[in-house]
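Enquirer: Chains as they are written, first to last, in the numbering used here: chain A, 436 to 715; chain B, 10 to 433.
Careful, some of the hints might be misleading.
[To be verified] Straight-line alpha carbon distances no greater than 25 Å define the calculated BS3-like cross-link-like pairs of lysine-lysine that follow:
1. Lys218(B) <-> Lys176(B)
2. Lys302(B) <-> Lys215(B)
3. Lys157(B) <-> Lys470(A)
4. Lys402(B) <-> Lys302(B)
5. Lys218(B) <-> Lys447(A)
6. Lys211(B) <-> Lys255(B)
7. Lys440(A) <-> Lys255(B)
8. Lys478(A) <-> Lys169(B)
9. Lys169(B) <-> Lys157(B)
10. Lys440(A) <-> Lys15(B)
11. Lys81(B) <-> Lys219(B)
12. Lys81(B) <-> Lys176(B)
13. Lys316(B) <-> Lys402(B)
14. Lys157(B) <-> Lys440(A)
15. Lys324(B) <-> Lys255(B)
16. Lys470(A) <-> Lys169(B)
17. Lys215(B) <-> Lys470(A)
18. Lys650(A) <-> Lys709(A)
19. Lys157(B) <-> Lys219(B)
20. Lys709(A) <-> Lys440(A)
21. Lys176(B) <-> Lys478(A)
22. Lys81(B) <-> Lys255(B)
23. Lys359(B) <-> Lys316(B)
24. Lys302(B) <-> Lys316(B)
25. Lys359(B) <-> Lys709(A)
26. Lys402(B) <-> Lys429(B)
27. Lys324(B) <-> Lys302(B)
28. Lys15(B) <-> Lys81(B)
29. Lys429(B) <-> Lys358(B)
Read the hints as simulated data drawn from the structure, not as lab findings. It should be emphasised that the depicted structure is a prediction, and the values quoted were computed from it without experimental measurement.
Read off the chains here:
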Amino acid sequence: MQNEKITYVTAKRGLFSINFSELWSYRDLAWLFVKRDLVNSYKQTVLGPIWIIINPLLSTTVFTVIFGVIAGIPTDGTPQFLFYMSGNILWSFFSNCFNRASSTFLGNARIFGKVYFPRLIMPISGIMYNLVNYLLQTVVFVAMIIIYSFLGANVHPNAIILLTPVLVIQTALLGTGMGLIVSSITTKYRDLTILVSFGVSLLMYITPVVYPVSKVSESYRWLLLLNPVAPIVETYRYAFLGNGTLVWMYLGISMAVTAVILFLGIIVFNQVEKNFIDTV
Amino acid sequence: MIDLDKDCVIKTEDLTKEYRLGVIGSGTLRRDLQSWYAKRTGREDPNRRIGAKNYEKGDTFLALDGMNIEIKRGERIGIIGANGAGKSTFLKLLARVTSPTAGSIAFRGRIASMLEVGTGFHGELTGRENIYLNGAILGMNRDEVSSKIDEIISFSECEKFIDTPVKRYSSGMFVKLAFSVAAHLDAEILIMDEVLAVGDMKFQQKCIKKMRELAETENRTVLYVSHNMNTIQDLCSRCIVLDQGKKIYDGSVDEAIRYYLGGDKDEFFSYDYNDDEFREPVRRNDVNLINAKYNGRTTNLFTDDEKMPLELTWKNLADVNNLCLRVEVYDARRYPVTSFIIEDFYSGKKGEVNSQRFELDITNITRGRYYTRYVLYNRLSDTSPYEDIDITKGLMFRKQMNDTTSCHWQSTWGSVVLGKAELK
Chain A
436 MQNEKITYVT
446 AKRGLFSINF
456 SELWSYRDLA
466 WLFVKRDLVN
476 SYKQTVLGPI
486 WIIINPLLST
496 TVFTVIFGVI
506 AGIPTDGTPQ
516 FLFYMSGNIL
526 WSFFSNCFNR
536 ASSTFLGNAR
546 IFGKVYFPRL
556 IMPISGIMYN
566 LVNYLLQTVV
576 FVAMIIIYSF
586 LGANVHPNAI
596 ILLTPVLVIQ
606 TALLGTGMGL
616 IVSSITTKYR
626 DLTILVSFGV
636 SLLMYITPVV
646 YPVSKVSESY
656 RWLLLLNPVA
666 PIVETYRYAF
676 LGNGTLVWMY
686 LGISMAVTAV
696 ILFLGIIVFN
706 QVEKNFIDTV
Chain B
10 MIDLDKDCVI
20 KTEDLTKEYR
30 LGVIGSGTLR
40 RDLQSWYAKR
50 TGREDPNRRI
60 GAKNYEKGDT
70 FLALDGMNIE
80 IKRGERIGII
90 GANGAGKSTF
100 LKLLARVTSP
110 TAGSIAFRGR
120 IASMLEVGTG
130 FHGELTGREN
140 IYLNGAILGM
150 NRDEVSSKID
160 EIISFSECEK
170 FIDTPVKRYS
180 SGMFVKLAFS
190 VAAHLDAEIL
200 IMDEVLAVGD
210 MKFQQKCIKK
220 MRELAETENR
230 TVLYVSHNMN
240 TIQDLCSRCI
250 VLDQGKKIYD
260 GSVDEAIRYY
270 LGGDKDEFFS
280 YDYNDDEFRE
290 PVRRNDVNLI
300 NAKYNGRTTN
310 LFTDDEKMPL
320 ELTWKNLADV
330 NNLCLRVEVY
340 DARRYPVTSF
350 IIEDFYSGKK
360 GEVNSQRFEL
370 DITNITRGRY
380 YTRYVLYNRL
390 SDTSPYEDID
400 ITKGLMFRKQ
410 MNDTTSCHWQ
420 STWGSVVLGK
430 AELK
């Protein structure tokens, strides 16, 4: 039986035209891209996928030594290792989502130039790939929390943990939304890539990843919390470790900003998508 | 919105694709700002390439210019044309890789595009994993691929290597696997851009057979772009000729190929070679052909066992000894059919103009349209090698046969009828 569905292609396209049923029909593809990336990352390595876990442990150790031991930034009584790990896991999830989304056009120009599938599949599979990594790391993180609790450390996981899925999804959407905007602009201006990778590492320092919000002076704290990533990281840490400040207002603002950025990202992406292959 | 008839699978209306000429931006923000600032302050753009033609804004190039095409279910369409005629642009628009500047397309069902062999194949994955990935890229879901995977693997002839990463495949195996996936898709429309050229002859034949089968038994529609007229003739049921973004012919394959390759001097029965347009360069240009004609005729059409009365007139640019002539005969696809060789028929002094009549027996050449090439050659002494001293395009001729055995001659049976075979 032949498929009788008629598709129309015209020069003009709506501002926000996403064909969700089409996206859904390509779900297998998104998953296969995830699988491809997983295989590709760890083929011909000695430790294989164990790297997903070793990586954050190593960088958390570095953070602990540099910011905790050498710089002596206080962590409000929470074990330094857990403090840095919580920030580090969520931050790397954010920045990985951002990086994947921002290379959507340039990184896939070859395949996009030869075959059609909904372009949004690429950033979506990026989110899924990073989510897999994030979940594995979270398992280790939770294990560490349990170990530390047994040792009688000052950690207090609480009911806000139930909010974690929302925080994680918000992080993914924020990172991806920003990435889509950057990706669309880099089809014309390649040098933005350099600027942006610099900007992201700078953004980490105005996000409470390596220091608690309480250490920022009251008068500037609101400015810090206007950074949409900051309340997410702070809430996340509060949920798992009982450390930090949870201000619903800033979290709400962050969600609103996420929604706006994602919306903008998709609109720009949609417009660039149709002809970028002619200029890239 | 386009109305799509019931048996119609693709329809385009005034399909146009425009590209901007010249450099579009410099690619860096700094330079674009520099250029923008220079323009504003009325200075010369520091980023303009010296000597480059300064394309003004609005200089454009129409890669596709108002194309209207209707394609019916089960048709096998060949698309031919010179480089830059718009063939690939047309396929890209159909494949939705880029979108049209104006006009619209409507199509029924799914399109699977193969604009390149093995798009999306990943070296680290095994053949089997790549089949799934490639199938998904082309729009199949997991179950559809699973139900066809055995067929795909056996068609690809790569059973032995199917669980090896494809980065270790030879390029031939790679092509075979990639093509097999595309050929087994459930898509209603299959579009391909010269992808068969890479496989070996045997595999090409197999693919063509498979595609014909898809079209004939399952009513799939195939669009194929190629420069290889043989493949087009084997595969297609209808052919479109493009030129400078426009459709210039749409109809039967033979006519289309003739239209595309033919053209010059088609109906001549006599021709004066005044300039060098139809002359190929040779190292030692001792003679120049100045006229060729079919003596005593007013047409280039020959019937049954008529012989060809060729008369050539040439001028000696040097002393010529033992001049020889080869008349090469090509079929409509420009594949060589046969040659006539006449040796040592003339010697003469520099400056002389001479004519010679030949009677060429073309009885065994079957019906169809033929192109010729005249090669005059000789050798300076008995021990030196033969050298071409003048090569020109020849007059074409058409051959008609009154016995109506078959229309398969030339297209599939060949161009030469051999003598009788006897029962023993």
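Enquirer: The structure should be examined with respect to each hint, and the outcome stated for every one.
Expert: Going down the list of hints, with the structure as the test:
no.	hint	in the structure
1	Lys218(B) <-> Lys176(B)	28 Å, violated
2	Lys302(B) <-> Lys215(B)	44 Å, violated
3	Lys157(B) <-> Lys470(A)	21 Å, holds
4	Lys402(B) <-> Lys302(B)	13 Å, holds
5	Lys218(B) <-> Lys447(A)	39 Å, violated
6	Lys211(B) <-> Lys255(B)	35 Å, violated
7	Lys440(A) <-> Lys255(B)	29 Å, violated
8	Lys478(A) <-> Lys169(B)	22 Å, holds
9	Lys169(B) <-> Lys157(B)	18 Å, holds
10	Lys440(A) <-> Lys15(B)	12 Å, holds
11	Lys81(B) <-> Lys219(B)	19 Å, holds
12	Lys81(B) <-> Lys176(B)	39 Å, violated
13	Lys316(B) <-> Lys402(B)	20 Å, holds
14	Lys157(B) <-> Lys440(A)	23 Å, holds
15	Lys324(B) <-> Lys255(B)	43 Å, violated
16	Lys470(A) <-> Lys169(B)	23 Å, holds
17	Lys215(B) <-> Lys470(A)	33 Å, violated
18	Lys650(A) <-> Lys709(A)	47 Å, violated
19	Lys157(B) <-> Lys219(B)	15 Å, holds
20	Lys709(A) <-> Lys440(A)	21 Å, holds
21	Lys176(B) <-> Lys478(A)	13 Å, holds
22	Lys81(B) <-> Lys255(B)	20 Å, holds
23	Lys359(B) <-> Lys316(B)	32 Å, violated
24	Lys302(B) <-> Lys316(B)	14 Å, holds
25	Lys359(B) <-> Lys709(A)	67 Å, violated
26	Lys402(B) <-> Lys429(B)	33 Å, violated
27	Lys324(B) <-> Lys302(B)	16 Å, holds
28	Lys15(B) <-> Lys81(B)	9 Å, holds
29	Lys429(B) <-> Lys358(B)	46 Å, violated
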